[in-house]
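Enquirer: This is what each chain is made of:
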Amino acid sequence: MSVLEKVRPEPPVTVRKEPRVTDEHGRRIRVGELVWRYLLLLAVLALTVGPFLWQLSTSLKGPTEDIYSSPPSFLPARPTLHNYTRVADTIPVWDYALNSLKVATANVVTNCAGSALAGYALARLRFRGRKVTTLVFVLAMLVPVEGIVIAQFTTMRELGLNNTLIGVVLPGAIGAMNVLLMRGAFRNLPYEIEEAAYVDGANVWQRFLRVALPSVKGTVAVVAIFAFMGAWDDFLWPLIVLSDPSKFTLTIGLNYLHGTFAADERLVAAGTVIAVAPLIALFACLQRYFFRGVGEGAVKG
Amino acid sequence: MAASVRIRRQLPLSPWLFAAPGLLVTGVFVLYPFVSTLVNSFTDRRTLLPGHFVGLANFRELLHDDMFWTGLRNSTLYVVGVVPALVVLPLLLALLVQKNIPGITFFRSAFYTPVVASIVVVGLIWVWLLDERGLVDSLLETAGIGRVGFLSDQWLLLLSAMAVTVWKGLGYYMIIYLAALANVPRELHEAAAVDGAGPVRRFLSVTVPAVRSTMVLVAALSSVAAFKVFSEVYLMAGPSGGPAGEDTTLVMLVQRTGTGLTGRVGYASALSVVVFVVTVALMLLVLRADRRDES
Numbered sequence: 188m189s190v191l192e193k194v195r196p197e198p199p200v201t202v203r204k205e206p207r208v209t210d211e212h213g214r215r216i217r218v219g220e221l222v223w224r225y226l227l228l229l230a231v232l233a234l235t236v237g238p239f240l241w242q243l244s245t246s247l248k249g250p251t252e253d254i255y256s257s258p259p260s261f262l263p264a265r266p267t268l269h270n271y272t273r274v275a276d277t278i279p280v281w282d283y284a285l286n287s288l289k290v291a292t293a294n295v296v297t298n299c300a301g302s303a304l305a306g307y308a309l310a311r312l313r314f315r316g317r318k319v320t321t322l323v324f325v326l327a328m329l330v331p332v333e334g335i336v337i338a339q340f341t342t343m344r345e346l347g348l349n350n351t352l353i354g355v356v357l358p359g360a361i362g363a364m365n366v367l368l369m370r371g372a373f374r375n376l377p378y379e380i381e382e383a384a385y386v387d388g389a390n391v392w393q394r395f396l397r398v399a400l401p402s403v404k405g406t407v408a409v410v411a412i413f414a415f416m417g418a419w420d421d422f423l424w425p426l427i428v429l430s431d432p433s434k435f436t437l438t439i440g441l442n443y444l445h446g447t448f449a450a451d452e453r454l455v456a457a458g459t460v461i462a463v464a465p466l467i468a469l470f471a472c473l474q475r476y477f478f479r480g481v482g483e484g485a486v487k488g
Numbered sequence: 167m168a169a170s171v172r173i174r175r176q177l178p179l180s181p182w183l184f185a186a187p188g189l190l191v192t193g194v195f196v197l198y199p200f201v202s203t204l205v206n207s208f209t210d211r212r213t214l215l216p217g218h219f220v221g222l223a224n225f226r227e228l229l230h231d232d233m234f235w236t237g238l239r240n241s242t243l244y245v246v247g248v249v250p251a252l253v254v255l256p257l258l259l260a261l262l263v264q265k266n267i268p269g270i271t272f273f274r275s276a277f278y279t280p281v282v283a284s285i286v287v288v289g290l291i292w293v294w295l296l297d298e299r300g301l302v303d304s305l306l307e308t309a310g311i312g313r314v315g316f317l318s319d320q321w322l323l324l325l326s327a328m329a330v331t332v333w334k335g336l337g338y339y340m341i342i343y344l345a346a347l348a349n350v351p352r353e354l355h356e357a358a359a360v361d362g363a364g365p366v367r368r369f370l371s372v373t374v375p376a377v378r379s380t381m382v383l384v385a386a387l388s389s390v391a392a393f394k395v396f397s398e399v400y401l402m403a404g405p406s407g408g409p410a411g412e413d414t415t416l417v418m419l420v421q422r423t424g425t426g427l428t429g430r431v432g433y434a435s436a437l438s439v440v441v442f443v444v445t446v447a448l449m450l451l452v453l454r455a456d457r458r459d460e461s
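In order, the protein sequences belong to chains L and W.
Mapped onto our numbering, the consecutive letters of the first sequence carry residue numbers 188 to 488.
Mapped onto our numbering, the consecutive letters of the second sequence carry residue numbers 167 to 461.
Don't read these hints as lab results, they were simulated from the structure.
Careful, some of the hints might be misleading.
As the list claims (entries may be wrong) - Just so you have them, the derived chain L footprint on chain W, three or more residues with Cβ under 8 Å:
(1) 254 to 267
(2) 273 to 279
(3) 298 to 307
(4) 325 to 338
(5) 441 to 452
To be verified - Distance windows between CB atoms, simulated:
(6) ASP232/W <-> THR267/L: 44 to 50 Å
(7) VAL374/W <-> LEU240/L: 32 to 38 Å
(8) ALA359/W <-> GLY237/L: 31 to 37 Å
(9) TRP235/W <-> ALA468/L: 43 to 49 Å
(10) TYR443/L <-> ALA357/W: 55 to 61 Å
Glycine included, each C-beta is placed from N, C-alpha and C at the ideal position.
With the rest of the complex left out, here is chain L:
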């Protein structure tokens, strides 16, 4: 969206006689202001990223190192990956990670496909009941998940899908918000392109797949990222639906690890690093889309 795109271009550092730092309007920023800005930025950085680094540091400390020392030591004296192998001996952490990956991947696929299809119908196809259908998705978006988890749980029992990974995926498989996001994206496309395809004899599926869908790749990416993170992070629903430890996702497994082996923080730390690393990596790769998506999604609702 406009903000971040406006803000994004690399700051023009004009090198004439002296290097200057200018803001987005080409106005010079005073050195004094720059100094206090960076000081504040670094302070906030310590506060937001510091806890993750402390966790990483704890996970790398060996069994003989005192992790409770006061004053605390921020760097492991002799860094070791030993704790990571020990987590795997204690709980099947890689199986849990695989379960999470399955759930997240399924969630991405179903959300992208399902919400693109429904969004396209709502934005571009004429049919009786289109307004009512739109309203259904708007209402569904307003229902708080926390208020219906128990009924979702009983529904899942009735379907015999309790305690399965499919049961974890299904309630969020096609998010109403994603449908509305896709609807918005399709609506913003100029009609002329599709008309041309129509004149060329393309039917509705061809227009959807070959013309419309490729034009809204950005929004599909946003839906994919949200779907992946949402599924990877979810805690309440898997906690309710999964009872068999062999089916746990990583979040539930970690909570289990924490509850059972709270005595050794090094293990818990290693477990959390395993859980958070893929997300940070994914985020680092896709942050461009992500920031745009969050801004848009939040403001347009």
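With chain L's structure known, arrange chain W on it following the hints.
Expert: Chain W in isolation, oriented as in the chain L frame:
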């Protein structure tokens, strides 16, 4: 809609085929559970037993359930504690990262890391930081203040959970404010500066009025989320909600009473209805306060 009038000939069934998967999932897993929550709240249904209509018995029982009042109190306190911080702090943060200075993209992404991390990871990290032998207390001891034991006291624990919620939410709302700030005309600031207004004055009389509707949006979003808090408190206080369950929130109570083989689905549904009603009321309250301010 002009074109859809022109592109008229299509298979009569296809629009429904397009919408079917979405409608099916939404119907079966959102709307049906919503309706059955309402229906179940008037029954004594349990996980394995069908249940009978009991009228308002569940709601009457709620009124005499100490745990319900504890949950309602904690969830309400959560809103009171978290929302003001989440309305103000991310705005200040957005102002800090708004200027396009070298490296700012890095800072923006870094400040967003807590949003990206799973709530479970965040919860466990802070449990470790706030542990009696953890980093925060050990820093406090080094500074000569002594160890506090944030997680052993019912109120400090709730306060710590709120701090974690704020910490995790900062980056998210920062982005929303960044979008709003980009739309504030620079001329307003310049005119105010010419009139001799300092940074604080300009913040209060230019920035705040310009992003007011965004502040209301943030207040609405964060108050609804705060009232429904589950994970932070569950992870930091444990499944039973801390000492004598005193840190239980409403959604924790829903989860505890409604699940498992002996789950009281009817009673938990009544609790859910309360959560739902308060959530809607909070939304309306915030939006209404907004309208009153405007007139």
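Enquirer: A separate judgement is required for each hint: does it hold in the structure or not?
Expert: Going through the hints against the structure:
1. Counting residues of the region 254 to 267 of chain W whose C-beta sits closer than 8 Å to any C-beta of chain L gives 7, which meets the bar of three, so the coverage hint holds.
2. Chain L is given as covering the region 273 to 279 of chain W, and this holds because 7 residues of the stretch bring a CB closer than 8 Å to a CB of that chain, at least three being needed.
3. With 6 residues having a beta carbon nearer than 8 Å to a beta carbon of chain L, the region 298 to 307 of chain W meets the requirement of three or more and the stated coverage holds.
4. Judged by the Cβ-Cβ criterion of 8 Å, the region 325 to 338 of chain W is covered by chain L as claimed, because 4 of its residues qualify and three suffice.
5. Check on the region 441 to 452 of chain W: 3 of its residues sit with their Cβ under 8 Å from a Cβ of chain L, so the three-residue criterion for coverage holds.
6. About 49 Å separates the C-beta atoms of ASP232/W and THR267/L, a value consistent with the hinted range of 44 to 50 Å.
7. Between VAL374/W and LEU240/L the beta carbon distance is about 34 Å. The supplied range of 32 to 38 Å therefore holds.
8. Checked against the given bound of 31 to 37 Å, the beta carbons of ALA359/W and GLY237/L, roughly 36 Å apart, stay inside it.
9. Remark: the range hint 43 to 49 Å for TRP235/W to ALA468/L is upheld by a beta-carbon distance near 45 Å.
10. Separated by about 59 Å at the C-beta atoms, TYR443/L and ALA357/W satisfy the suggested range of 55 to 61 Å.
In this structure, every one of the numbered hints holds.
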